[in-house]
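Model the full structure from these sequences, guided by the hints.
From first to last, the protein sequence lines stand for chains B and D. Sequential numbering from 0 applies to the first sequence in numbering that gives the first Met the number 0. Sequential numbering from 0 applies to the second sequence in numbering that gives the first Met the number 0.
Don't take each hint at face value.
What the hints assert, rightly or not - Computed footprint of chain B on chain D, listed as stretches where at least three residues anywhere in the stretch have a Cβ under 8 angstroms from a Cβ of chain B: (1) 113–127; (2) 494–502; (3) 522–530; (4) 552–566.
Stated by the list, open to error - Taking lysine-lysine pairs in the BS3-like style, the calculated list, with each CA pair at most 27 angstroms apart, reads: (5) K34/B x K51/B; (6) K51/B x K169/B; (7) K523/D x K34/B; (8) K365/D x K242/B; (9) K280/B x K349/D; (10) K163/D x K293/D; (11) K190/B x K223/B; (12) K40/B x K349/D; (13) K37/D x K89/D; (14) K213/B x K365/D; (15) K631/D x K425/D; (16) K169/B x K242/B; (17) K89/D x K8/D; (18) K40/B x K280/B; (19) K349/D x K246/D.
What the hints assert, rightly or not - A few chain D residues that don't get close to chain B, going by computed Cβ distances all over 12 angstroms: (20) D57; (21) D88; (22) R148; (23) F210; (24) N212; (25) R351; (26) E375; (27) R518.
Read the hints as simulated data drawn from the structure, not as lab findings. Glycine residues also receive a C-beta, built at the ideal position from the N, C-alpha and C atoms.
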Amino acid sequence: MLALRTPPDPESLAASVSDQDRSAVAKALNLLDDKRPEARKLAARLLATLPKERLYGSGHLIGLTGPPGAGKSSLTAALVRVWRNRGLAVGILAVDPSSPISGGALLGDRLRMLSSDLDDKVFIRSLACRGEFGGLSAEVWPMSLVMLAAFDIVLVETVGVGQKEIDVSKLTDTTCFVAQPASGDSIQFLKAGIMEIPHVLVVNKADVGLAARKTLSELRGTLKPPAHAGDWQVPALAASATKGTGIEALADSIEAHRAWLTAQGMLPTIRKRFQAEWIVKRLLEEFGRFGIETLGGESRLLDSLVEIPGSPFEQYESLRNRFLTNRGQ
Amino acid sequence: MSSDRKEVKRDRPWLMRTYSGHSSAKASNELYRTNLSKGQTGLSVAFDLPTQTGYDADHPLAHGEVGKVGVPIGHIGDMEALFDQIPLDKMNTSMTINATAAWLLSLYIAVAERQGVAPSQLQGTTQNDIIKEYLSRGTYIFPPEPSVRLTTDIISYTVNHIPKWNPTNICSYHLQEAGATPTQELAYALSTAISVLDAIRDAGQIDGDAFANVVGRTSFFVNAGIRFVEECCKMRAFVGMWDRIAKERYGVQDPKLRRFRYGIQVNSLGLTESQPENNVQRIVLEMLAVTLSKNARARAIQLPAWNEALGLPRPWDQQWALRMQQVLAIETDLLEYGDILDGSPIIDAKVRELVQGAEEEMRRVKEEGGMVQAVETGYVKRQLVTSHTDRMRAIEAGDLKIIGVNCFTETTESPLTSGTDSGIMKVDATAEREQIERLQAFRAERNSKEAKSAIAQLGDAARSGINIMDASIRCAQVGVTTGEWSNELRGVFGEYRAPTGIDISTHGMGQSETVATLRERTLKTGEELGRPLKILVGKPGLDGHSNGAEQIAVKARDVGFEVVYEGIRLTPEQIVKAAEEEGVHLIGLSVLSGSHLELVEDALARLAEIGLSEVPVIVGGIVPTEDEKDLKAHGVAAVYTPKDSDMNRIMSDLVNIIRESNGLERFEDAA
Ligand code: B12
Ligand SMILES: Nc1nc2c(ncn2[C@@H]2O[C@H](COP(=O)(O)OP(=O)(O)OP(=O)(O)O)[C@@H](O)[C@H]2O)c(=O)[nH]1
Ligand SMILES: [Mg+2]
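Below, the structure written as structure tokens:
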């Protein structure tokens, strides 16, 4: 392995990220992607230095998921325009599929997001999913943290996934599912409880008319009123990314969900929970069930991780070391 | 002379044109008049990219592009100069213009009026096919819906006022240039014609009886490749299929109005940079495809020049191309016979096969919801990219043989390219500045109140849905500029970015040993550098030539790169911003329109400004040798041109360039 040529100073990098310095954000994301041991150490320091209150207590981390071609990227572009009008800075992580054979990937989401691309309060990083399931990549969580430190809103666009997986909900404060008009499958999956219920449902391409209206009413039919007063009521909306209709309302619904989370005092809890799940998933991949059992089992592990939050890389490394030392004994 | 020479009745030859225009209206006018004096029988106007994409010469996006690949037309003054001493009542003028077609036609009408010629006397063609712009040609501006409306407005207008005009030339030419097979060409051109004619029928600007004339005025612009027998059959297939569509779908009774009328430019994609003299044979053979069959013969022909892949043709190169046509039409006995292929069972079988394939593909387009939908979803573009990828792989594997490229590469130095001008035309560097000066002087002199109110009326027409032509002609008369006309409509209609089509399945591709080696190297280098190798392929400027960028992007993914590609027509500023955000290991810029020096230098300066000079930049496209030196002196790591057809070799270089710029040792060249 090659040594880093110009290793960044993680502490000053963290400070610049928090100042929304674009070049620092880019460098920090590169560093988090870097698997060399030396880089991992710097990355852990970087994450440890980012302001905790921004990572776990503020901003809004949003997941946008849905089938291929539903208009996730186009809706993102439309939402960005609304958010920019409201004076918010936006970071976007756009995940695209990797080829299982070559490992290569075409990162094409930017194309539909171009309209806002000369605005320096909008930052888009594309990522390949690199063999991960659920339309995400392992780098998404740590990268989201860097973006949360820099921007008011962080949006993660997943790969166009099948209709069942919405893994992004294990990672983002608010999960928004984009449905295609005439997509009977989503409805069936929702009804049968195969698909986890997102926080916001939107039928895009409302401009096609009848098919979109029909899908919307069917989707509404699958949504039950909340079991307890004060629980979140999932809204189902229609929008057209290309005509720009329904976008303000969508932005409002997404924001309402965040307000609800805040009112419940849930934001810090879920963010820490997401991080804990991310760590456990990494350990599971590396050491399997056996590893997790050795470390005390999944639920105890999750609980302990939520209680003593550190930077995800530090926590991961220390658990990893613990397992390796245990096994060595 | 043999004694049995007697008077034979010969068919009238087709219209002979040369696609040309450069630098300024005045310079182009001189060229046109010289060409006409050499026996050319019609004009074919090439506009520069700012004119085609609706920018004035002094717009930042026009920088470096003014007068380069065509004539800049900013206002009625330019249009008048372009046709100075060319009587428009006698001339047949073809204009390759699409997104701004309504505007250029308005200027033409306004100039004719100043020459004392009524619209009803005008003859010619506006290309006016926006669908293939999204798929191949790249000079679209507005989203599909309003674009199709502009197309149909022009058609309705001319059918009512300029009866001899060909208001739209449905193009399959550009589809073949983007990789289409003969079947795809047939299917997509005819599906496009159907979508346009359906739209006109539904718009209701034409009364029932006149609709047959609309069908009759619909003409085509087709391509002919080197497999000239098959191409000849393709033309016969077009004739039969169009006749049937006109009769069955549109109920046209008069067979004359069902004729497949087409102009042609022969294939240029297959013209090579290596041993460029061979292109002459290719062009001549391809011309046979569209002339042999009397019943499917082209109405108008324009030929590329031998130096197509090197750069722009000089007047002498164009003359050579014109003489090819004249020799065929005048010296040979071709025009003395009826259809020499009628009744051949082999030809008939091939035609049937093509028709069947095309009908099947037309059904698929219909399932997508019609041609416009199939373009918007990216379906058609993906089919084209797939076909082109197949072609590139066949060349790479040697299954498709190209003389001088992948076989018989031994050559003696050519006297054609050894001259001091390297055998191509150079556009005067002062053209842009002078055009801007003329434009600003024109703006200062016109009645700006009149111009303003004409623009406002244009906006009203655009919003209200009435035919755009009257308001546009008014704009032309009072001195509105190309940029102003387009901007007003951008405000009403919005702008569009077409799908890139590169998200194709590469399953089964790249199973060669070289590809396996390349994948290993990409992976290993990524590991050494800590993360997978990521590159950005960028198309700066107004250039719409996307083939090279698409093929490089697809190939790079196939050998394991993560590739960011955002399509055509970006500013260097946008590209540099994306490169920074994406944290790429290398930037590859593709420029074929001749503006590489300005655009690449701009990008390099911006990279330096944000401290990204260490990211290597490579350039591909039509880059003359002296310019290559110049670019490298500015810090460009490598330059690739059409002769670098071995894409494995390019990929091997990319890995090595990244390695070197990161202090790693090079691998030995693969392939
Ligand atoms: C096909 C073609 C078209 C197609 C383009 C279809 C498409 N979507 O790409 C169509 C018919 C639409 C077209 C239109 C025009 N064309 Co044209 N076209 C060509 C042609 C025949 C071939 C180009 C091509 O696609 N080759 C195949 C690809 C795979 O090769 P390539 O792009 O060269 O790429 C290879 C290398 O260059 C390199 N490379 C290229 N890019 C990159 C990027 C990276 C990162 C890397 C590593 C390598 C690399 O690697 C590739 C693999 O070998 C050339 C002449 C020729 N034979 O080269 C003229 C040519 C480029 N066109 C020309 C012109 C003028 C036009 C027009 C502007 C005319 C006009 N006035 O309207 C129009 C408008 C286009 C626009 N919007 O900009 C001129 C440009 C003149 C100049 N530079 O001085 C040329 C040279 C023809 C000529 N002699 O006049 N064209
Ligand atoms: N009619 C209509 N088309 C739309 C709308 N939004 C997006 N599209 C089109 O749908 C296609 C896919 O849009 P994208 O935004 O790329 O969809 P996506 O979900 O991000 O796609 P992937 O990332 O590839 O899964 C494009 O051709 C868009 O032009 C809309 O509101 N109406
Ligand atoms: Mg997308």
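Hints, one by one, checked against the model:
1. 113–127: violated (count 0)
2. 494–502: holds (count 5)
3. 522–530: Result for this restraint: holds, n = 6.
4. 552–566: holds (count 14)
5. K34/B x K51/B: holds, 24 angstroms
6. K51/B x K169/B: Holds - the C-alpha atoms of K169/B and K51/B are around 20 angstroms apart, at most 27 angstroms.
7. K523/D x K34/B: Within the cut-off at roughly 13 angstroms; holds.
8. K365/D x K242/B: holds, 24 angstroms
9. K280/B x K349/D: violated, 59 angstroms
10. K163/D x K293/D: Satisfied, since the Cα-Cα distance of roughly 23 angstroms is no more than 27 angstroms.
11. K190/B x K223/B: Holds. K190/B to K223/B sits at ~10 angstroms (cutoff 27 angstroms).
12. K40/B x K349/D: violated, 67 angstroms
13. K37/D x K89/D: holds, 17 angstroms
14. K213/B x K365/D: With a Cα-Cα distance of about 23 angstroms, the restraint between K213/B and K365/D holds, given a limit of 27 angstroms.
15. K631/D x K425/D: holds, 20 angstroms
16. K169/B x K242/B: Distance ~31 angstroms between K169/B and K242/B Cα, so the pair is violated.
17. K89/D x K8/D: holds, 26 angstroms
18. K40/B x K280/B: Between K40/B and K280/B the Cα gap is close to 20 angstroms, so the pair holds against 27 angstroms.
19. K349/D x K246/D: holds, 23 angstroms
20. D57: Holds, because the least Cβ-Cβ distance between D57/D and chain B comes to about 20 angstroms, which exceeds 12 angstroms.
21. D88: holds, 44 angstroms
22. R148: holds, 16 angstroms
23. F210: holds, 27 angstroms
24. N212: holds, 33 angstroms
25. R351: holds, 36 angstroms
26. E375: violated, 9 angstroms
27. R518: violated, 5 angstroms
The structure fails to meet hints 1, 9, 12, 16, 26, 27 from the earlier list, while all remaining hints are met.
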